[in-house]
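J.: From first to last, the protein sequence lines are chains A and B. For the first sequence, the working numbering gives the first residue as 1, with consecutive numbering after it. For the second sequence, the working numbering gives the first residue as 1001, with consecutive numbering after it.
Calculated from the structure, these hints are not laboratory results. Even for Gly, the Cβ is constructed at its ideal location relative to N, Cα and C. Wrong hints could be hidden among the right ones.
Chain A is faced by these chain B residues, among others (derived, beta-carbon under 10 Å) [what the hints assert, rightly or not]:
hint, residue
1, Glu1008
2, Lys1022
3, Tyr1032
4, Gly1043
5, Phe1046
6, Val1057
7, Lys1058
8, Tyr1061
9, Phe1063
10, Ser1084
11, Ser1086
12, Ala1087
13, Leu1088
14, Phe1090
15, Ala1092
16, Ser1110
No farther apart than 30 Å at their CA atoms in a straight line, the calculated lysine-lysine pairs in the BS3-like style are these [as the list claims (entries may be wrong)]:
hint, chain 1, residue 1, chain 2, residue 2
17, B, Lys1069, B, Lys1022
18, A, Lys20, B, Lys1077
19, B, Lys1069, B, Lys1049
20, A, Lys55, A, Lys14
21, B, Lys1077, B, Lys1049
22, A, Lys66, A, Lys20
23, B, Lys1022, A, Lys41
24, B, Lys1069, A, Lys64
25, A, Lys41, A, Lys64
26, B, Lys1058, B, Lys1069
27, A, Lys55, B, Lys1069
28, A, Lys14, A, Lys66
A few chain A residues that don't get close to chain B, going by computed Cβ distances all over 10 Å [claimed, not checked]:
hint, residue
29, Ala2
30, Ser15
31, Arg24
32, Gln29
33, Phe34
34, Gln42
35, Ser43
36, Glu63
37, Thr82
38, Ser95
39, Glu103
40, Gln104
Okay, here's what each chain looks like letter by letter:
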Amino acid sequence: GAVVSQHPSWVICKSGTSVKIECRSLDFQATTMFWYRQFPKQSLMLMATSNEGSKATYEQGVEKDKFLINHASLTLSTLTVTSAHPEDSSFYICSATETGAYEQYFGPGTRLTVT
Amino acid sequence: AQSVAQPEDQVNVAEGNPLTVKCTYSVSGNPYLFWYVQYPNRGLQFLLKYITGDNLVKGSYGFEAEFNKSQTSFHLKKPSALVSDSALYFCAVRPSYGQNFVFGPGTRLSVLP
């Protein structure tokens, strides 16, 4: 149980284009979803938190117009990197929690490379 | 400020020997504590958690962790390490139920055959 999937697992895009990453909870309803960014050999940096049907709450320093987050249903959240630049290249990981649970369940991550 | 420390960037242990990965935290109140493991190019896998009760918690793959409130520590342990345990380990703290996780910097464990 408590499986979270991400799609795609890796993506290469050209500078200036937009990329959408999907995060799905497969066997539970995710009341809250989180998006993290991880740089090589570093810990996770929380980008934003989203609740189903509500606007995402972005962490300080994260550009909300660049990283668009939509939590349209209890099983799906999307992160769209708009007008991507090479510095946006990173490993993006989503996680989800369900009502009453203490732990977060993480997706397998998406490797984004912007050329 | 709330923080989680993992004082060792790297831990090396021989296969079959016991392993310990250390974690200390600076969070007020009674936080919830977690350990996650990350294999290369993968997301984090949940290992175990401490919410309340017995200070020694057992988790997946033979791992356990001991909560020590006076030392604000939550060290991860395993009696006999396997080469397949080699990975990146993250300690995380949730200050209260409604708050977000605070992650430690990670400790890379290498189990040598």
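J.: Each hint should be assessed against the structure and marked as holding or not.
T.: We went through each hint and held it up to the structure:
no. : hint                  : verdict
1   : Glu1008               : 14 Å, violated
2   : Lys1022               : 15 Å, violated
3   : Tyr1032               : 5 Å, holds
4   : Gly1043               : 4 Å, holds
5   : Phe1046               : 5 Å, holds
6   : Val1057               : 12 Å, violated
7   : Lys1058               : 15 Å, violated
8   : Tyr1061               : 16 Å, violated
9   : Phe1063               : 14 Å, violated
10  : Ser1084               : 18 Å, violated
11  : Ser1086               : 15 Å, violated
12  : Ala1087               : 13 Å, violated
13  : Leu1088               : 9 Å, holds
14  : Phe1090               : 7 Å, holds
15  : Ala1092               : 8 Å, holds
16  : Ser1110               : 14 Å, violated
17  : B:Lys1069 / B:Lys1022 : 14 Å, holds
18  : A:Lys20 / B:Lys1077   : 39 Å, violated
19  : B:Lys1069 / B:Lys1049 : 14 Å, holds
20  : A:Lys55 / A:Lys14     : 28 Å, holds
21  : B:Lys1077 / B:Lys1049 : 13 Å, holds
22  : A:Lys66 / A:Lys20     : 12 Å, holds
23  : B:Lys1022 / A:Lys41   : 18 Å, holds
24  : B:Lys1069 / A:Lys64   : 38 Å, violated
25  : A:Lys41 / A:Lys64     : 25 Å, holds
26  : B:Lys1058 / B:Lys1069 : 17 Å, holds
27  : A:Lys55 / B:Lys1069   : 37 Å, violated
28  : A:Lys14 / A:Lys66     : 15 Å, holds
29  : Ala2                  : 8 Å, violated
30  : Ser15                 : 23 Å, holds
31  : Arg24                 : 13 Å, holds
32  : Gln29                 : 18 Å, holds
33  : Phe34                 : 7 Å, violated
34  : Gln42                 : 7 Å, violated
35  : Ser43                 : 5 Å, violated
36  : Glu63                 : 19 Å, holds
37  : Thr82                 : 23 Å, holds
38  : Ser95                 : 8 Å, violated
39  : Glu103                : 5 Å, violated
40  : Gln104                : 6 Å, violated
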